[in-house]
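> Those protein sequences? They're chains A and B, same order as listed. The opening position of the first sequence corresponds to residue 1 in the numbering used here, with each subsequent residue numbered one higher. The opening position of the second sequence corresponds to residue 245 in the numbering used here, with each subsequent residue numbered one higher.
Hints were generated in silico from the structure; no laboratory data involved. Some hints could be false.
Said to hold, decoys possible - Non-contacting residues of chain B with respect to chain A, defined by C-beta distances greater than 10 Å in every case (computed):
1) Tyr248
2) Met288
3) Ala289
4) Asn449
5) Val537
6) Met557
7) Leu660
8) Pro675
Unchecked claim - List time: in silico DSS-like cross-link candidates among lysine-lysine, alpha-carbon distance up to 30 Å:
9) Lys251(B) with Lys404(B)
10) Lys136(A) with Lys536(B)
11) Lys555(B) with Lys536(B)
12) Lys628(B) with Lys136(A)
13) Lys555(B) with Lys579(B)
14) Lys555(B) with Lys628(B)
Here a beta-carbon is modelled for each residue, glycine too, at the ideal position from N, C-alpha and C.
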Amino acid sequence: MIRIQNVSKIYRTEHVETHALSGFSLHVEPGEFLAVMGPSGSGKTTFLNVTGLLDSFDSGTYHLGGEDVSRLSDSEMSRIRNQKIGFIFQSFNLIPDLNVFDNVDVPLRYRGMAASARREAIEEALEIVGLSSRLKHYPSQLSGGQQQRVAVARALVGTPGLILADEPTGNLDSAMANEIMDLLEKINEMNTTVLVVTHDPELAARASRQIYLLDGRLIDMESHEAAAPLYTPAKAAGSPGAQA
Amino acid sequence: MLAYQLKIAFSSLRRNPVLSTLLIGGIALGIAVSTAFVTTYYMMASDPIPAKSDLLFAVQLDSWGADEPFDDERPEEAPTQLTYRDMVSIMESEIPTHQTGMYKGQLTVHPESETDRPFRAMTRLCFADFFTMFDVPFVHGGSWGARADSGPEPVVVISKETNQRLFGGGNSVGETVRIEDRDFTVVGVLAQWRPQIKYYDVNNNEFGESEEIFIPFNFNRPLELYSSGNTWGWKFYPGNEYDDFLASENVFIQMWVQLDSERQRAEYLAFLNAYTESQRELGRFERPTNNKVTPVMQWLDAREVVPDEAKLMLIIAMLFLIVCSVNLIGILLGKFLGRAPEVGVRRALGASKLSIFVQHIVECELIGLLGGVVGIALSGVALKLINGLFSDGVFVFGLDLNMVGAGVILSLVAGLLAGIYPAWRICRVAPATHLKLQ
Chain A
1 MIRIQNVSKI YRTEHVETHA LSGFSLHVEP GEFLAVMGPS GSGKTTFLNV TGLLDSFDSG
61 TYHLGGEDVS RLSDSEMSRI RNQKIGFIFQ SFNLIPDLNV FDNVDVPLRY RGMAASARRE
121 AIEEALEIVG LSSRLKHYPS QLSGGQQQRV AVARALVGTP GLILADEPTG NLDSAMANEI
181 MDLLEKINEM NTTVLVVTHD PELAARASRQ IYLLDGRLID MESHEAAAPL YTPAKAAGSP
241 GAQA
Chain B
245 MLAYQLKIAF SSLRRNPVLS TLLIGGIALG IAVSTAFVTT YYMMASDPIP AKSDLLFAVQ
305 LDSWGADEPF DDERPEEAPT QLTYRDMVSI MESEIPTHQT GMYKGQLTVH PESETDRPFR
365 AMTRLCFADF FTMFDVPFVH GGSWGARADS GPEPVVVISK ETNQRLFGGG NSVGETVRIE
425 DRDFTVVGVL AQWRPQIKYY DVNNNEFGES EEIFIPFNFN RPLELYSSGN TWGWKFYPGN
485 EYDDFLASEN VFIQMWVQLD SERQRAEYLA FLNAYTESQR ELGRFERPTN NKVTPVMQWL
545 DAREVVPDEA KLMLIIAMLF LIVCSVNLIG ILLGKFLGRA PEVGVRRALG ASKLSIFVQH
605 IVECELIGLL GGVVGIALSG VALKLINGLF SDGVFVFGLD LNMVGAGVIL SLVAGLLAGI
665 YPAWRICRVA PATHLKLQ
């Protein structure tokens with residue numbers, strides 16, 4: 001599903017170069033449920049942005065679903081994001097002026113689907129997340145957990161092969177967090193590849209594989225153990241706003 | 245997709261009514277001013293007879309004296325009117341498809357009803373071809389015939405207003421109208437006819453109304469009717485009789501011909517040149533040959549019918565619209581950049597840069613159109629004010645469909661002008677930057 005080879009990403013300012021990803025390589029099989037962990041500043045979000053074609057990278061190659069997506073035009077990347085990737089964000093990122101139905105409708109609008117097909121897909125996605133009765137509600141009328149479920153429905157609605165979730169439970173209490181993880185497991189059972197960035201080892205443990213990032217590199221378990229002094233999951237886990 | 249973009253644009257405008265009102269008001273102000281001045285310019289400068297303007301020619305013969313040109317400032321110009329005897333002579337030509345000499349005078353009309361008082365009517369003395377050449381519309385009857393021209397027969401064509409005044413607006417063809425000391429028979433009643441510019445006689449108030457009555461030219465002599473328009477001369481003429489005036493070098497007649505081909509035009513010009521050469525042998529036409537036949541639009545241009553001030557005002561109005569649009573750039577930029585997090589989400593969900601750009605341009609065009617609607621309505625008010633400047637009330641500027649269309653196009657251009665940079669900026673926002681920050 002995902003084949004990333006030797007990818008590097010450097011953020012440059014006038015005086016400083018930050019190596020967000022350094023020779024990063026990763027292979028994810030279709031249908032995997034992968035948890036991405038690592039301390040703040042380790043490159044988790046950069047990894048997710050690169051994987052989601054939201055950000056470019058400086059060197060290396062990236063194949064998504066067998067297609068080389070290393071150097072695509074903006075419209076090509078947008079098409080792939082729209083059709084192959086679903087995003088779930090820590091702060092939900094629902095559009096406040098749109099009701100639940102219209103929020104879930106957004107990715108389908110950019111696909112040019114007919115109204116009847118869109119309605120069917122939206123109702124099905126909201127059925128999966130258990131919000132069929134909240135079609136006309138606005139985000140401000142929903143709890144945090146409900147908003148994240150709408151975001152999950154929005155990620156699902158286009159039936160993408162890959163779901164990227166950036167700390168999807170970071171702004172939720174533990175009960176809500178578990179509900180969201182339940183949903184992600186349910187999605188994964190539908191043979192959708194799921195990548196979740198999280199600071200919470202308990203939630204990460206629910207994934208079929210965990211990877212660890214440190215200083216923009218993927219490290220193995222042993223390295224992770226060695227790096228433990230640099231990373232304190234207990235401190236980071238559940239702290240809202242904690243970022244990679 | 246456009247419907248979706250429009251839905252987003254309406255939603256965005258509803259989100260902040262005060263800001264939206266400011267934006268729409270800014271465009272409306274620019275459109276009101278620009279549309280008003282575009283309309284005045286358009287009505288002054290537009291082709292008054294588009295179907296035939298290339299076929300109708302004003303005739304000029306340089307019969308002026310040798311000592312000084314007709315126009316000191318433009319010595320190359322021939323007189324813009326003809327003498328009576330030159331007009332009579334060149335009317336002998338059979339080259340033009342149609343031709344007419346003409347001038348305006350004032351005659352007293354005596355209504356039949358004893359309760360109605362006689363009134364002075366603006367009169368055009370012309371030949372029958374006048375009505376054909378200038379596509380004059382009739383509601384009843386029509387032009388008189390060639391026999392009435394040569395007779396002359398006492399026939400008259402009256403305007404719609406005159407028909408209303410004398411006959412209550414009914415079909416008055418065959419009725420009698422007493423003009424001065426004789427009876428004329430009505431042969432035609434005009435439909436509403438008011439060329440915005442009286443292009444067939446720009447020597448005498450080009451913005452004035454068309455005449456109230458029209459009679460065969462050759463009644464000039466029986467009625468001894470002098471021109472009530474401009475009469476120019478360069479040579480003293482002896483005698484006080486009307487025939488002395490007609491034999492003089494005074495110019496007061498407008499002469500128009502219809503020439504349907506280049507060949508016809510060349511032949512007619514050659515005819516005019518031959519005529520002036522023959523007159524030169526009689527001691528007339530002291531200046532070098534300078535005869536001209538000029539089509540309608542060139543004639544209006546040469547006569548400077550559209551004043552320079554109108555052109556200047558048009559430029560100022562366009563600049564004003566640009567300033568209004570440019571002022572909105574900053575406001576739109578702030579509004580759009582404030583929406584960067586939402587744009588980031590849309591980009592993540594599959595919107596391309598182009599799609600985001602178009603979405604914001606659609607919003608700007610919606611603002612432009614709404615501003616345009618308000619602006620066009622305001623320009624109607626502005627035109628009323630401009631009309632008020634013409635105290636005689638004879639020149640009336642008004643919006644027609646073309647001008648409404650121009651206003652709509654201007655509003656779209658203004659919206660584009662105001663929105664293109666902010667839309668470009670917002671579409672280039674990196675989506676990843678804002679997804680974490682919401």
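> Please go over all the hints and tell whether each is borne out by the structure.
Here is what the structure says about each hint:
Annotated as non-interface, Tyr248(B) brings its C-beta within 10 Å of a C-beta of chain A; the closest such distance is 5 Å. Chain A leaves Met288(B) outside its interface by the beta-carbon criterion, the shortest separation being 48 Å against a cut-off of 10 Å. Separation of Ala289(B) from chain A is adequate, the least Cβ-Cβ distance of about 45 Å exceeding the 10 Å criterion. Asn449(B), annotated as away from the interface, keeps every beta carbon of chain A farther than 10 Å; the closest lies near 60 Å.
Residue-level check passed: Val537(B) sits 60 Å from the nearest beta carbon of chain A, beyond 10 Å. A cut-off of 10 Å between C-beta atoms confirms that Met557(B) is not in contact with chain A; the least separation is 43 Å. The claim that Leu660(B) lies off the interface holds: its Cβ sits roughly 22 Å from the closest Cβ of chain A, which is beyond the 10 Å cut-off. With 10 Å as the threshold on Cβ separation, the claim that Pro675(B) sits away from chain A is violated: the shortest Cβ distance comes to roughly 5 Å.
Restraint check: the Cα-Cα separation between Lys251(B) and Lys404(B) comes to about 51 Å, which exceeds 30 Å; the hinted pair is violated. In summary, the hint linking Lys136(A) to Lys536(B) is not supported, as the alpha carbons are separated by about 77 Å, beyond the 30 Å threshold. Between Lys555(B) and Lys536(B) the CA atoms are separated by roughly 27 Å; this keeps the pair inside 30 Å, and the hint holds. Between the alpha carbons of Lys628(B) and Lys136(A) the distance comes to roughly 49 Å, so the proposed pair goes past 30 Å and is violated.
A threshold of 30 Å between alpha carbons decides the hint, and for Lys555(B) with Lys579(B) the separation of about 36 Å lies outside it, so the pair is violated. Distance check on the hinted pair: Lys555(B) and Lys628(B) sit about 20 Å apart at the alpha-carbon level, within 30 Å; holds.
Hint check: violations occur at hints 1, 8, 9, 10, 12, 13; the rest are consistent with the structure.
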